[in-house]
Structures are given as structure tokens and as C-alpha cells.
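J.: Next come the chains, spelled out residue by residue.
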Amino acid sequence: MSELFGMLASGTNPGFVLLVAGVMAALIRPTALRGVVLIGAPVLALLMVLYGPGWGVDAARTDLLGLQLSLYRIDSLSFVFGLAFVVATGLIGIYSLHRREPLEDGAALIYAGAGLAAVFSGDLLSFVLWMELTTLASTAILLSRRTAAANRAALRYFAMHMISGLLLICGVAVIAMDRGTIEFVQLGPMRDGLLVGILDPSEPGGALFLAGLGIKAAFPIVHAWLKDAYPEASETGSVALSVFTTKLAVYALVRCFAGFEPLIWVGAIMTVFPVFFAVVENDLRRVLAYSLNNQVGFMVAAVGVGGELGVNGAALHAFTHIIYKSLLFMSMGAVLLRTGTTKASELGGLHRTMPFTSIFCLIGAASISAFPLFSGFVSKSLIMTSVEYAPGVYIAWLGMMFASAGVLEHSGIKIPYFSFFSHDSGKRPEEAPFNMLLAMGAASAFCIGIGVAPVWLYELAPYREAALEYLGVDLFSAKHVLHQVQLLGFAIFAFLLLKRMHLYPPERPGVILDADWLCRDLGPASWRGIGSFWERASARRARVSEAVDRWRDWLVSQCGPSGWIARRASVSAGAIWTVIILGATLAVIYGAVR
Amino acid sequence: MTTGPGNDPRDPQGAAEDGENWREEERARPEHPLSVMLFSWMRTETFLRLFIVGVGVVSLGAVVAEWVLSLQSGEPSKRLIGFYGIFGGLAFALAVLAGWPLGAALRRPETHYDPPQHDKADAAAKGGADE
Amino acid sequence: MTQGEILILLALGAPTLSAVLAYVFHRAPDVRDTVIVVCAIVLAFVGWGLFSQTSAGVPPELMVGEPAPGFAIAFRLEPLGALFAAMASGLWALTSLYAIGYMRGAQEQNQTRFYACLSIAMVAVMGVAMAANLFTLFVFYEVLSLSTYPLVAHKGDEASRKAGRIYVGILLGASVTLLLPGLAAIAYFAGSTDFVDGGLLAGTVSPTVASILILLVVFGAAKGAMFPLHGWLPSAMVAPTPVSAMLHAVAVVKTGVFTILKATTYIFGSEVMASAPATDWLVWLASGVIVWASLVAITKPEIKARLAWSTIAQLAYIIGGALIAVERAVTGAALHMLTHGFGKITLFMCAGAIYVATGLTRIEDMRGLGRRMPVVFIAFLVGTLSIMGMPPTGGLWSKFMLIGSAFDAGAPQLAWAMVASSVLAVFYLGPVLLIAMFPAEGAGPPAPFKRAGGAPGLAVAPLAVTAIGAIALFFLAGPAAERLQALWGSL
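Residue numbers (the numbering used here), protein chains in the order written: chain E, 1 to 594; chain P, 1 to 131; chain C, 1 to 491.
It should be emphasised that the hints constitute simulated quantities derived from the structure, not laboratory data. Treat the hints loosely; a few may be bogus.
Claimed, not checked - Cβ-to-Cβ under 10 Å is the rule here; a few derived chain E residues that face chain C:
hint, residue
1, 129
2, 132
3, 136
4, 198
5, 200
6, 362
Cβ atoms here follow ideal geometry from the backbone N, Cα and C, with glycine treated the same way.
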């Protein structure tokens, strides 16, 4: 039995387990049975990952269109991401047990499966194909909420990701034609024993691929889909959405573009601007979406730095981020379930009846703010150190420092404070259902466990020795911890001071304009302008063609017999006449040629 | 999305017979014992004052500790003592205070992006075809 | 009589017989319809046989005669033609079933004339696919135009007749004034109009002459719907949907692009195409058409109009690939003929099924129908994915090859146009699915069925099969492309 399993595990991409489970889940109506699938599938996938083939080995290959595809290849980089995905899928499964939406559960599992399969692919084309499946599945998650707003958001989301997918496919097509191969192993040099930075963004193929990934990673300007779509899903849907797409993009960025310096700046910008939007945003799940954008920025900057520290930082931060972001979305989801809203202007004082959720939210908030002894500190430090030591990027580092304080503001304080504490909104919702508490508790345990004993996370790092060295020397060094305590302490003090002095802006309902103003306001307005211009032109044209028509009718009526044929003949007669005319023409030409 | 009888996501069909009673019942829910244990005393003014002082002490303490550390190790620190703290505090304040002008400039009513509601059927039909 | 010759004669004979028997059994509709289906199935087998023979390296050929020096009627299969023949014949079998279901369900008049003309159209398509030279192709091309005129004007009302006049006017007008002189000129320069590996005119004509000839062919084959001769396609949508599905997704439009593809590959050849300045202009034109037609599609409220404009854009993909004329591009274009054929025919059949069941043609009226006609709308989803070029449909691979070749050949505008068009497809096809399957709450109930029981089974089964075919092509496109590439000699 275990031999059979071993054989299966060594050659089958674990993503397939989740994909099959997703189809099953969509079809199983009884919740209990579906729950078995939702939890059992990630467990099975986890076992397959742990007992899978050796690292760096191409475990499954196939041929397509003259290209070699590698369907299953683990190495130390993809292992970290894959593990995080599987764990998150398990948490989502537990979190979803209270729902009666087989379609959504199925879509979430398929999404997870495609994501896992993508991470464990060994070539660009399979990666892109799995990414396309994640687009379809995540759109289905959005659509399963069945409100008008969610549907419209789903269409916008789908269009954006279609563009991204097309750019990726174009990139792969060009690379395939240029290099003749799309396998990671064939494409890139090994850097210190790991396949990272294998594409060249100055070449058209690489540039296209980067553009596609940029959209998926929510680079500045093209980031609006993230804050637009994620809050429109259901409480469980948002948790699922927050895990995969962006981290898959980060993984691909590490794999293909590690060490590409402009990414440091892109990442730095990405960490800064969401801070401002998150401060004024009212919907707390949208604040979390901006926060996600901000955290991905840290990862992107680390990718830009590259090298052992940068790659380690990006990968490990992705791991911890998946856990604590899911935790935060889960806590907000619980609030959504119990109160029907996540608007800061309508919430407050919920800790009275939802204490467990409040505590879990606080743990997530502490993690994302990088408090020492929580998971965020462990991974973010790697990133900040790598950027600090990278030459010539001091301003980027300052920006990221600013963003670190900003994170404390919107995710560390705003999220738990305005929902659970702050003034009393009068709402007394029931505590979250047990399955949600269990999922949140497990995530919290991870956050604290990693924070307190980071060694087992660092063992998983892509560049293991470098990571362990960092752990030993830098991470808990007094200087480092003190710096962080200072940062957090003064920032909290500033918060309290501003609150006391009534300088803190109040939460008010409303939509905040962002880059999507271009497509949603400017675009349609221009289109309408063109439309009305066209109408006026057409009116003029119509008058002209009316005159032409009248002249033509007069002409036809004057030409007796042919007019009679055109108006009265049956369709069949018309066909016969046409044949005769054509035959005559052909005969003439035939004669001329002869 | 505002809640109320009829469009509450927990009760979309409005099956709860009497919206008013249900809400009252909820309002009457007593505070969870865990919350009483952990949070009730945090709501007092005294605690808040103590908290502010405590945070101040810890922050300053960290600065002092950093200074002491730099003295002990003998090597000059790369940056000013207390740089992280000052920077953190100012950054936080900037982010929050920027919320006033940004909110005024960028905030629009919640219905800003909603499709035009001529009449229900029209809007619903357009809602799918628009955007 | 070799096996190949028999196959060719059968390919022409089966649909002819079908047309004759349709009139013979005019009074017995059940027998007539059975005969149609049987002949269609026979033709499907014949088409498959032609493809297998060609793949095995024994292309069937048949010489009929040479009425004038340089103008011969002859048939010879080669990979492109074999693929087209197999595709068209296979899809005809499915469409006949669909047509029977549709025509009976909608209780259309003049069904015998309809089936007879459809059969003659198939003769013409097979003739085009199997043609050994441009003259033979031209003859059958004209037969196709003539035999489909009664199909377009089928309903007999003023709108249909007008559409029919536009249809015949543009197609015949363009072919007689542009394609025919082009044909004559080719015969003049090369002594014949045979399709030759590597190009009949390779090395014999100057770039200027080549440009003129290319323009004559591309615009003369107006069935390819290249701007400005595209107007017939949207007008022809007044025809009953089986006509739209079969002819305007598969047979008529594909004949047009097939003509262009054969001409650029076997008459001009890749060197002549690369050296002629007209190629560059036409590639720009094709890129423009791809984007413009997609934009227009978004503005149309009627579903068939949207599909017609979508077809115009997709045909420009194929023409673009034909213009680049290197092996990978032509393979991509041929593959796109196949994948687009399956995808578009599915979409048209869905539109027809909706019409038969509910009488609706406007998309905004179709809200909520997704629940009541699940098979139809799932098939519509598959067709949409195919047009967008998303996995798991074959459309992904053909676009992949075309885009890669476009970048490689120094025509990035074509590639970007394809990317843009795929995104726009989300906006012209997506809302159909959205309104039907995820209507907003409070939008009103879905429209009632006009016909008891919804769409007839015979109308729904074929579209399910073509949808499955579109997905199957995701896996089969690879082998198909490899077969095509392996059989091409020097190009």
C-alpha cells in the first residue's frame, strides 16, 4: 500500500489531488461528506509533497507541440510555496465547513489545485496553463456570491486576468521560438545551486512574461483589480483568493527575475502607496486587500535584491504572509458572517461578544506588523536586511521603513481596532462558528509558533545555510530587536497621541478613487462621447443615403423589366438569373482566353 | 452594503418574522465571559492612561537600551540612536494625517460606480451588460 | 481506379446524391431527412479517409480535364486541404442533425430547397478543399456562392432578399472582378494555376507584380471577409441559424480564408510573400480589422450579430497567419481554422437553440436562461473559451502558434492585435454568459419557452458534441499540428 502510494507520490503533481477533490466537492451536496473532502484532500496532498520525488528531479514529463514539458519538479524554492499553499488549503477547508455552497468549495479547491500544480511545474508553459486555470477558478469563486456587484467585479477581474494570461502566453510563445525550450532547467543558470532568475527581462519574451506577472502581482497602476475584486467575494471566498494568485506571481518572479534590480523600486513603491489608500478606506476587507498589495511589495523588493538573502526573504515572507493574511481575512470573514458588514463606519465594540475572534485578529495584526515573537518579524527582517545591504537603494529602504509603520497603522491597528474595539456600535453578534474558530486558532498557532521558534521555518528556506546563519547571528540580535521595538513603540505612541488629540480621521462610508478610475470613469465617459459624436455623424450620413436611395428607386422604376424582376421575383428565380448572368460572364471570358 | 430587514445576508429572504425583535434580541446578548475577563478592564480611562505611559516608557527604554548597547560594543552605530523610533513615529503620523486631505480628495459616495437605476428591470439588465 | 480517386469521387458524389434525393423525397420529410443524415455521415467518413490517406503520404488525386490550356480541373489532396475536408465533412454531419432539429422545431418553410442547397454547398466545399489548382478552386468557389444564396435569402421576406442581394453582390462581384483576373494573370505568368510546394510563382514575378496579385487574391476571395468586403457577413445573419452555423462559421468563411491560405502557401510561397510590399500593408490591415471588428461586436445587442463580427475578427487572424506564410504561421492558421470552426459553430448553434426555444435574439432578454438551458450555456461557455483562446480548449494552441510566429516574423502589431481581440472577446461574449447564468437578483424572471420543452434534443446534442470537440482539440491540437508540419516539404 505504501509502496503504491510512494509510486504515485513520486510521479504525480500533488495539485491533481486537489483538482480532483475540487470537482468532487462541487458535486457533493451533503456538507459533512464535502467536509471530509475539503480536509482530506489537503492532507493527502501534503503527504504527497512530503514523500514526493527528490528535489531537482524531473518527475513527470510530456511532449506538446514540439516542446518538452516538465509537469512535476520540486526544489527548495517551490517546496516552501507548495507547503504554504497546502497548509492554507487545509485551513480554508476547515473554515468553510459551515457553508452550504458546493460550487464555491469546489472552485476554491480547484483554485488551490491549479496553484499547487503551477508551483510544482518545471517549465513555463505548464506554469502558464495552470495560471489560466486559477483565473477561471477564482472568477468562479467571485461569481458564486451571486450579487450584481460581485458579478460585475468578477467580469472586471476576469478581463484583467485575461490580459495578464495573454501576456504570459505571448511571452512563453516568444521564448519558445527564441530559445527552443521552455524548461527551467534548460533556460537558466543555477545561482548557488538554485534555479532562480532564469529569464532576461530585456528580451521581448522575458519582458512580456514580466508584464503578465506584474498584473498578477498587483504592480502599481495595474493593481486596482486586487482591491476591487477581493472584498466582493463571500467570507470564505476572500480567504481563498488572498492566498494563491499573488503568491504564485511572487514565486514566478523569484524563479524568473530574481536579482532584477528595478524590481526593488517597484516593490518599494508597492509598499508605500497602499498605506495611504488603506488609511482612508472604509471597508475593512478592502483595507486587507490594500495590505496584501503592500506585503507583496515587500516580497517583490526582496526579489529585486536577489541573492541568498533576497530569495530567502521573499519565499519565507510569502509563507508567513499566507498564514497571517488568511488569519486576518478569516477574522473579517467571521465579522461579515455575523454582522453582515465589514465597514469600519458601522462596526466597533465587537470584542464583547466575539472575544476569540478578537484575539485571533490581534495575533494576525501583530504578525503582519512584525512584532518580535510573531511570524511576520521572522520573515520581514530577512527582507529589510537584504534591502539594507543592497547598494544604492537607500531611498527604497526608507520607503519600506515608512511602509512598515504604515502596516502597523492599517493592518496592525485599524483592522482590529475599528472592528472589535473603538466605540461601541451597539452590535452584539454571536461568536463565530466553531469551525471558523478552529481554523483561526490553527493559523494563530502557526503565527506564534513560527515567531517564537523560527528555526523550523528557516530549515525550509530556499538557501538553507544562509538562512540558518542569519537566524543564528542577526535575527534575534539585540540591536535588531530593539530597532523594531522602537519603530513599533513610537508608532503606537503616535496613534494614541493622535487619537487623544482627535486628529485621527474618522471612518466614513464611501468609495475611494484609485487607478481604476481610468477604466471605470474616464474610459466609459470617452466611449459615450465618441458614441454621441458618431450618432450625430450617422444622422448626417443617413440623410445622404436617403437621398441616394430615392434616386436609385427612381432609376429602377424607370428601367422597366429589370425593375420588375428585382421587386417581384421569387428567391429561386433570383438564383436562376444569377447563374445565367454568371454563366454568360464565364463564357465570355472563356472565349477570350481561348 | 447596509443591513436591515430584507437585505441582511444572513437572512436574505427576510424569513425572520419580526426584524425588530430579532435585532433587539441580539442587542440584548450579554458580554462573553472571556471578554469580561480580558477586555472589560481595558475600557476604563485609568487603563488607557497607564497604557499610553507604558508604551512611552517601553519606546524610550528601547532607545536608551540601544544607546547603552552602542556604548558597550564600542562600534559606532550606522544611524542615529533612536532613528527607528523617530522615523516610525513620524511615518505613522504622516500616514494618518494624510488621511484628511486624501479622504476629501478621493472619497466619493458609495453609489458612485453603481449603474444608473432608471427602473429596476432596466438597471438589472444593464447591470450585466455594463462594465 | 485507385482508392484515392474513389474517395474523391465519393466526396463530390455523396452530397450531390443528397441534393437529388432531397427533391425526390420532397413529399416524405422523414425519409428525406434520414437520407440527408446518411449522406452526411458517409461524407464524414470519406473526409476522414481523405485525411488519413494524405497523412499516410499517399495523397489522393484525380485529373478530370483541361478545358483550356493552363486551366485544368483536377483534384489533389495536401495537408491543408485534407484537414479542411475532414473538418468540413465532420461538422456537416453534425449540422445536418442540428438543422433537422432546428427546422422542425421552428417550423420553417421550404425545407427541401434548404437541404438541397446545403448539399450542393457541401459539394462545392469539398471541391474547394480537394482542388489541385486555383482554377478548380475558383469554379467550386463560385458554385458555393450561388448555392448558398437561396440559403441566405431562405425566409423570403424583404429583409432576407435584401441580405441575399448584398451577399451575392459582394461575393460574386469581388470574385469576378478581382479573383478571376488574378487567376488569369497567374496563369499568364506561370503557365498554369497549379498548387506547387514552395510556391508556383517563386522566383518568377517581381515584387510589384506579386503585390498586385496578392491584393487581387486577398480581396477577390471576399468570403474571407477582409475589410472593406466584409459587409455581407453581418447581413447574412438573417438566415436561419443552421445556415449561419455551418456556412458562416465553417464552410463559406473558411473557404475564403482557405483560398487565401492556399494561394499564399502554394501559389506565392514564403519568399514571394516576404518580398512583396503588399504583404506588409495587408498585415497592418488585418491587425486593424482584428481590433476594430472586436470593438464593433461589443456594441451589438443581437447575439448573432456579435458572433458575425467576432467571425470577421477571427478570420483576420487566419489571413494574418497566411500572409506571414512561414511554416509555423501557416500551421497556426490552419489549426485556427479548425479550432475556430469548432468554437464558432458551437456558439451559433447555441444561439439557434435559444431562438427555437424562446424566440429571443437580443442578449439583454436572455437573463436567467442559463438555469433552464444548462447544456446550451455550458456549451456556450466552452465556445467562448475557444474564441478567447483559453485552456482547456484548442483555441489556445492555434493562437499560441500565431502569436509566436507574428513576433518572430517581425509583425508584432499582428500579435498585439490578437491579444487585444482576445481581451475584447471577454466583453462581447462574457456578458451573454453573465446575464444568462448569473442574473442579478431582482432582474425579473427568465423569458418563457415559446416551444414546449425548450429546444429540441436534436438541436442540443450536436452543439454538445462540438463543444466537447473544442475541448478535445486542446489535447489533439498537438498531434494535428505535428502531422501538418511533418508533411510539408520546403515551404
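J.: Please go over all the hints and tell whether each is borne out by the structure.
T.: We went through each hint and held it up to the structure:
1. Hint status for residue 129/E: holds, given a least beta-carbon distance of 5 Å to chain C, under 10 Å.
2. Because the closest C-beta pair between residue 132/E and chain C is about 5 Å apart, less than 10 Å, the hint holds.
3. Taking 10 Å as the C-beta contact cut-off toward chain C, the hint placing residue 136/E at the interface holds, the least distance being around 7 Å.
4. Given hint, residue 198/E at the interface with chain C, is violated; its Cβ is 19 Å from that chain's nearest Cβ, farther than 10 Å.
5. For residue 200/E, the suggested interface contact is broken, since its CB lies about 16 Å from the closest CB of chain C, more than 10 Å.
6. At its closest, the beta carbon of residue 362/E sits 36 Å from a beta carbon of chain C; the interface hint therefore is violated under the 10 Å criterion.
Of the numbered hints stated above, those contradicted by the structure are hints 4, 5 and 6, listed in ascending order.
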